[in-house]
Structure formats: structure tokens, C-alpha cells
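S.K.: Each chain, letter by letter, is given below.
Protein chains: 2
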Amino acid sequence: MKILVVGTLAFDNIETPFGKAERIVGGAANYIALSASYFSNSIDIVSIIGNDFPQDYLNLLAKRGINTSGIEKVANKKSFSWTGKYHLDMNTRDTLATDLNVLEDFNPQITDKSYAPDILMLGNLTPSVQLSVLKQMNKRPQLVVLDTMNFWMDTQLETLLEVLKGIDVLTINDEEARQLSGEYSLKKASKRILEMGPKYLIIKKGENGALLFHEDKIFFAPALPLEEVFDPTGAGDTFAGGFIGYLAKSKTLSFDNFKTALIHGSVMASFCVEDFGPQRLMKLNKTEINNRLQQFIDIVQFSHS
Amino acid sequence: MKILVVGTLAFDNIETPFGKAERIVGGAANYIALSASYFSNSIDIVSIIGNDFPQDYLNLLAKRGINTSGIEKVANKKSFSWTGKYHLDMNTRDTLATDLNVLEDFNPQITDKSYAPDILMLGNLTPSVQLSVLKQMNKRPQLVVLDTMNFWMDTQLETLLEVLKGIDVLTINDEEARQLSGEYSLKKASKRILEMGPKYLIIKKGENGALLFHEDKIFFAPALPLEEVFDPTGAGDTFAGGFIGYLAKSKTLSFDNFKTALIHGSVMASFCVEDFGPQRLMKLNKTEINNRLQQFIDIVQFSHS
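Residue numbers (our numbering), protein chains in the order written: chain A, 1 to 305; chain B, 1 to 305.
Hints may contain errors.
Same chains, same names: a pair is fine if it fits in one copy or spans any two.
List of simulated lysine-lysine pairs, BS3-like, C-alpha gap at most 27 Å [stated by the list, open to error]: (1) K20 / K188; (2) K286 / K113; (3) K113 / K139; (4) K217 / K205; (5) K205 / K191; (6) K113 / K187; (7) K85 / K187; (8) K283 / K187; (9) K286 / K187; (10) K251 / K85; (11) K188 / K85.
Treat the hints as calculated values from the structure; they're not laboratory data. These numbers were taken from a predicted model, which means no experiment stands behind them.
Just chain A, same shape as in the assembly (with noise of 0.2 Å):
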């Protein structure tokens, strides 16, 4: 199955308890089109960066399989900047500042038909930037799978509730599916939110794993417990795009399969947030995957009869 990922490429500068890093190329496309690359060759990226994006980062992509001719390239301006200080939970963290810089002008026109999605996933961007890229899809994909964030419901709740209308899976997190069902708890939320257009809702907890909802199903999708929690940037679109790249391979639309795909998105989170930035991601091999798919396993497997 053929994968579109519109979203962010950007410059993180991130302060975790363990320490600084400045200038770690992230964004939302990068994390999940890196991710989902261990499961699919055929996955474009829609994005924008300015003058200042290295060029020897997109060949890494490139390397790996990832088409990113569709990324536009901005000469006069800078590329979108992110910079957060996360607390000892690492679950919370603060938004230092956001340099939108080329993000501002960006308004993706997929005209190369080329593009003919299978599976389209939407990463956390402006809901009317998210609706426009919907909109222009000249036949449906399959699979539309987008992410938000509570900034979009305090600003464009509107837009976004029109999104929501159209597309197949929403992933937020714990605050956020509370923020825009208006329930507290997630059992009651996700029946709101169901009743908003997506087929699927997934509840992103951190440390605290993933719940899927759908229909009146639900599966959880624990976190593993790691010696330590290096840098949780990027691991929420880690985990979408092990899920839309499992999903891409094997190629079955099902519950069942969902199931399988959530805990391969935790997988693939789990080595994120190993270390700054993507660089666990890069270096990456089958046999280490499926080790820690098998501590997947284990972790919830028991008996009964």
C-alpha cells in the first residue's frame, strides 16, 4: 500500500533532565515517514523547509527509501523551529517558543498524480492546511489516519471538527481526547469523539501506553518500561507511523489487524525516545524490531483457560 505523510520537517531544540540538544532535525513527517520506512518502500512526503534545511538529512531519507521530492523548498526564508523543556515526567513539557517561519506560507498543492494514496496520514499541522490536502485527493485513500493537538481545538476548533468528518483515525493524547469530548473519562470520550466522523480513535498515554477505540472495542497497546526515558520528541508520530507502516504492509483494514499495528507503533516509539531526536531511528535493524516486538508479547501474555 502506497503512504502519503503531509507534515512538518524542523529544527528541535529540546532540554530534557538529561540534558540540551539544539538544532535536531525533527517534525512530524520526519518522525513518522522514518518510522514507517522499516515497513513499507513506498512512502512520499509532502512538506515544506526553508534555505537552512541540510540536504545531507533529506539523502538519509532518501536512503531509506522515502520519496521527498514533494518537499518544497523555500529560499528566502527558514525552516519551521520548535523548542521545548520537558519536566522530570517527561510526559509534560513546556513550549519555549515555536518559529513558524516557512510554515506560514505553507499550503501543499498535490497536483503530481503520482500521488494516489493508499494510506494518507495527516500529521499534527493547521486543521484548514490538513482539510485543503482532503480536499484535493482525487480519489479516496483507503486509510485516512490524521494527528492534531489541543492548540488546533482552542483556535480552529471549527475547521477541525469539519476535518474530523472526513478522515478514517484520529490519534491524540489523554488531555486532548478530554479537551474535545468534554468527558473525563476516556470510555465516555471516545464515544463522543466516534460520533464526530472517525471510525477509530487512538488515546496516545505516553508511559502509559495507547488505548484503541472503535465501535463499542477496545484494545490497549501497553508502553515497555525503559531504564530511561532519553527524549520523548517525536514519539507520538514514531508510534503513528509504525502503525501506518505496519498496516501498509500487510495490508488488511481490520480491527484484528489494528491491534497488531498499535503495538508495532509502540515498538517503533519505544526506540525513539532512546535517545535526542531521530537518531535512534536511523540505525535501526529487523532482528532489533522484532526482539522488542517480543517483549511486547511478553509483557501482557498469560495464561487463562
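With chain A fixed as given, assemble chain B onto it according to the hints.
M.R.: Structure of chain B alone, referenced to chain A:
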């Protein structure tokens, strides 16, 4: 397997976002024994009550096959009482009042030779009382499970550390594991704590499930997403009761069986929180328990090749 539960019987005054309830019969021994009684019919309680404790309630426990003859009645004092208020997240609470009353004099003498438990459950109590009970065992029980809390880490750490050397399973919550070990990562914390004596560590994370650590093995039991968590009081004790009850019934003290026991603990805890106090635990039947168990299986089971 014979179970001996040493712990409190109490009156709880509880305020949650859903309402208030006063003089609910609570206490660790109460929840533990009730929960275990769905799996075992050989449960002895050693506890202490005042002149205000309802005989009717003791009769209810006895009807569930629990031996209440080891509950000391103090004629001129009142029962232990706890007053607390839960925050909206239901994972955190403020203790508004702790009236020790009869608990000030609790110095249980396990004189009756008929107490020869295979499983000794030491509910949350002063560590010196827990230590005294442990030393009074003529024959070392096959399994000693201990619950404690941050208050005893603050005030009786030395005695607590001495008790820990003599037990098999410690149950605490995530914050307590961090406090006891001085490590933020729960995986690192578990290593430190397993060096203190216990062979097994159970870290309870409320609505985020529970982790079991043993040697270098980890198991995770999820919590079931519920429409409403009505009152979390006693959920941890109910969890411990289901855990030891299942072990007593299945008579196998292996890591693999501990995993299944942990799930049974989670099953019982998921009922406990559905109503004020132990009301839900009074009127369960096997079909309800089996159906809930199936939900726990469904929520984590996935296909993998």
C-alpha cells in the same frame, strides 16, 4: 491454600466528584478478604475494631466464608476511621482526617496454632506490627505479601526495610516505588527494590494498570477503561485480594501463575471502583467475574506470527 490477612477494619468517609458517603465500612483487611473470598474459602482475618463496628457486617463477611474470630473487639474505644477526598483524576486524594482510635493499641498475637497460613497477607499497617506478625509465624508461610505506603517510608523507614527482608511480594504505587528506591524510572526502581528483599514487586498505577517485576522479567496488567470510576477507595486492597485469592485457588507460586493472578487482581479492582466502598464486592457472581476476565483478555490480546 490457607490465607491469613492481617490488616485494618475501618469506617471511611469518602468524598469524590460524584458524591459523598459517610461511615462506609472499609479497611484493608475488609477489601482484601472480600476480594479473595471469590476464589478461596479458607481466609482468616486478624484485625481490631471498636464498640461501634456493626456485627451485621461481620456476619456478612462470615457468610462469604471468611473467619472473623481473630478480630479483636475493644469495648471502650471506637473503630479506626479515615476521611478523604478524591481529586477529579481519581488517582490522587487528600487525607482529611485519620482517627486511629483502636488502631493505637493494635498488637496482634497470633497465638492460635490453627493459624498456619500458606499465604500471609500483611495489609498496610505500621511496619513494626507487620514485623511482629511475621516473627510470630511458627512456620514460614509459602508466600508473604506486604502492602505499605509513603507515610511509613517517611516515618518508619528502618523498620520497613527490616520487614522487606522477610517478605516475598511487595505491593506499592508508582510514587512510592520512586520514593523507596530514589529512582524515577520504574524499571530502575524495581531493580533497587528487589535488592531490598522482596522477590516480586508489584507497582500499582491506578487507572494505568499494574506492573509485576521478578528477576529480570516484567509483566503488565492493564486497568479496564470504565465509563465511570465511582470510588477508588479499597481498589489497591481489592487488587491484592484477587491476586492472593487466585494464587490460593490455583496453588502454583510461579512467575507465570503470578501473571494470571495479577490479572485476577485487576478484574476484582475493576468491580471495586464501580460503587462506593465494598458494595460492589458484596454481590458479585462467577459469571460476572468470568465476563470481566474475558474483557481483560480481549483488551490486550493481538495476533502475531
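S.K.: Go through the copies and call it for K85 and K187: within, between, both or neither, with a Cα cutoff of 27 Å.
M.R.: Only across copies: K85 and K187 sit 23 Å apart there, 31 Å inside one copy, limit 27 Å.
S.K.: Measure nothing new, just compare the shortest in-copy and cross-copy C-alpha distances for K251 and K85 to 27 Å and report within, between, both or neither.
M.R.: So K251 and K85 fail the 27 Å test inside a copy (38 Å) and across (50 Å) alike.
S.K.: My question is about K188 and K85: at a cut-off of 27 Å on alpha-carbon distance, are they close within one copy, between copies, both, or neither?
M.R.: between (32 Å within a copy, 23 Å between copies)
S.K.: I want to check one pair: K286 and K187. Are their C-alpha atoms no more than 27 Å apart within a copy, between two copies, both, or neither?
M.R.: Between copies, since 25 Å is at most 27 Å while 35 Å is not.
S.K.: When no copy is named, should K283 and K187 be tagged within, between, both, or neither for a Cα gap of at most 27 Å?
M.R.: between (38 Å within a copy, 24 Å between copies)
S.K.: At most 27 Å between C-alpha atoms: does K113 with K187 qualify within a copy, between copies, both, or neither?
M.R.: neither (41 Å within a copy, 50 Å between copies)
S.K.: At most 27 Å between alpha carbons: which applies to K20 and K188, within, between, both or neither?
M.R.: between (39 Å within a copy, 22 Å between copies)
S.K.: Treating 27 Å as the Cα threshold, decide for K205 and K191: within, between, both or neither.
M.R.: Both ways: K205 and K191 sit 18 Å apart in one copy and 24 Å across, limit 27 Å.
S.K.: One pair to classify: K113 and K139, alpha carbons no more than 27 Å apart. Within, between, both, or neither?
M.R.: within (10 Å within a copy, 79 Å between copies)
S.K.: Using 27 Å as the alpha-carbon threshold, which applies to K217 and K205: within, between, both, or neither?
M.R.: Cα proximity of K217 and K205: in one copy and across copies (18 Å, 23 Å).
S.K.: How would you label the pair K286, K113 (within, between, both, or neither) given a Cα cut-off of 27 Å?
M.R.: Neither way: K286 and K113 sit 33 Å apart in one copy and 60 Å across, limit 27 Å.
The structure is inconsistent with the numbered hints 2, 6 and 10, although it conforms to all the rest.
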